[in-house]
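**Q** In the numbering used here, the protein residues as written are 1 to 177.
Hints listed in this document are in silico derivations from the structure and should not be mistaken for laboratory results.
These figures come from a predicted structure and were not determined experimentally.
One should not assume that every hint holds.
As the list claims (entries may be wrong) - Below, simulated DSS-like cross-link-like pairs (lysine-lysine); rule was C-alpha separation at most 27 Å, straight line:
#, residue 1, residue 2
1, Lys76, Lys177
2, Lys127, Lys170
3, Lys177, Lys127
4, Lys157, Lys170
5, Lys127, Lys76
What the hints assert, rightly or not - Derived DEER-like restraints, expressed as beta-carbon distance ranges:
#, residue 1, residue 2, range
6, Gly159, Pro133, 33 to 41 Å
7, Lys170, Asp111, 16 to 24 Å
8, Lys157, Gln129, 19 to 27 Å
9, Val156, Arg128, 33 to 41 Å
10, Ser51, Gln129, 30 to 38 Å
11, Thr91, Ala154, 13 to 21 Å
12, Pro130, Gly79, 18 to 26 Å
13, Ala134, Asp111, 16 to 24 Å
14, Val156, Asn52, 23 to 31 Å
15, Tyr164, Pro49, 32 to 40 Å
16, Ser160, Ala71, 16 to 24 Å
17, Asn88, Asp131, 14 to 22 Å
Note that CB positions come from ideal geometry on N, CA and C, so glycine has one too.
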Amino acid sequence: MQKPLSMSKTSVRLISRSGWLLTTLMLVTPALSDEVFAQIAPLPWRNDPVSNCSFVAPASLGTGTIYWTGACTDGKASGAGMLRRRDNGRTGGAFYGEMQAGMPRLGVVDDASGYRVGRFVNGDIEKRQPDTPARIEAFQAALRGARAVSAHFASVKNGSSADYYEGIAKLLEAQAK
1 MQKPLSMSKT
11 SVRLISRSGW
21 LLTTLMLVTP
31 ALSDEVFAQI
41 APLPWRNDPV
51 SNCSFVAPAS
61 LGTGTIYWTG
71 ACTDGKASGA
81 GMLRRRDNGR
91 TGGAFYGEMQ
101 AGMPRLGVVD
111 DASGYRVGRF
121 VNGDIEKRQP
131 DTPARIEAFQ
141 AALRGARAVS
151 AHFASVKNGS
161 SADYYEGIAK
171 LLEAQAK
């Protein structure tokens with residue numbers, strides 16, 4: 001016959017505390033939003049089909065082929081520039097702004113529904129409308145991006161594209177005021 005299991009008061013307290021912690025986790029975990037989990041989920045990296053420069057594109061740009069126009073440092077999009085979606089040769093939405101180590105940092109997504117403005121959060125430009133200083137900062141980043149794209153096209157003697165993106169820069173500049 002086996003002896004009954006005996007526990008010290010310390011063991012009982014540890015088990016009691018562990019049970020409390022487990023119960024708390026079970027109650028709190030379902031309440032965590034998808035945004036919390038999105039922050040720890042890996043973001044999909046893409047490569048520009050021409051330069052092979054790597055980047056993460058804002059989700060609001062969609063799933064078509066996306067090109068980066070701007071600097072590529074250590075194989076990753078960096079600095080001011082533009083991510084542009086193209087579907088079967090037709091232009092789609094664009095992100096104008098700043099990239100850091102392949103990740104969008106701040107800027108504007110310009111698509112058929114208008115502008116989406118702000119910082120890159122949880123895989124996309126934030127959904128909430130930023131306050132006025134943050135909105136102006138995002139449009140200024142987008143302005144720098146559009147001007148960098150215009151300068152790129154001017155440097156490769158593509159005047160019509162340089163002029164087009166300078167026009168985009170002027171529209172963004174008007175929004176930044």
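**Q** Decide, hint by hint, whether the structure agrees.
**A** Tested hints:
1. For the proposed pair Lys76 and Lys177, the alpha carbon gap of about 31 Å is over 27 Å, so the pair is violated.
2. Straight-line distance between C-alpha atoms of Lys127 and Lys170 comes to about 24 Å, which keeps the hinted pair within the 27 Å bound.
3. With a CA separation close to 21 Å, the supplied pair Lys177 and Lys127 stays within the 27 Å bound.
4. Between Lys157 and Lys170 the alpha-carbon distance is near 21 Å, which keeps this suggested pair within the 27 Å criterion.
5. Note on Lys127 and Lys76: the hinted pairing holds, with a Cα-Cα distance of about 25 Å set against a maximum of 27 Å.
6. Between Gly159 and Pro133 the C-beta distance comes to about 36 Å, which sits within the given range of 33 to 41 Å.
7. As the Cβ distance of Lys170 to Asp111 is approximately 19 Å, the hint placing it in 16 to 24 Å holds.
8. The given range of 19 to 27 Å is broken by Lys157 and Gln129, whose C-beta atoms sit roughly 40 Å from each other.
9. In this structure the supplied range 33 to 41 Å holds for Val156 paired with Arg128, their Cβ-Cβ distance being about 38 Å.
10. Remark: the range hint 30 to 38 Å for Ser51 to Gln129 is upheld by a beta-carbon distance near 33 Å.
11. A C-beta distance of roughly 19 Å is found between Thr91 and Ala154, which places it inside the suggested range of 13 to 21 Å.
12. The hint said 18 to 26 Å for the Cβ distance between Pro130 and Gly79, and at roughly 22 Å that hint holds.
13. Evaluation of the 16 to 24 Å hint for Ala134 and Asp111 yields a pass: the beta carbon distance comes to about 20 Å.
14. Judged by the Cβ atoms, the range 23 to 31 Å given for Val156 and Asn52 is violated: they are separated by roughly 18 Å.
15. Between Tyr164 and Pro49 the CB atoms are about 21 Å apart, so this pair departs from the stated range of 32 to 40 Å.
16. Between Ser160 and Ala71 the Cβ separation comes to about 23 Å, which falls inside the hinted range of 16 to 24 Å.
17. Between Asn88 and Asp131 the beta carbon distance is about 39 Å. The supplied range of 14 to 22 Å is therefore violated.
In this structure, the hints that do not hold are numbers 1, 8, 14, 15, 17, in rising order.
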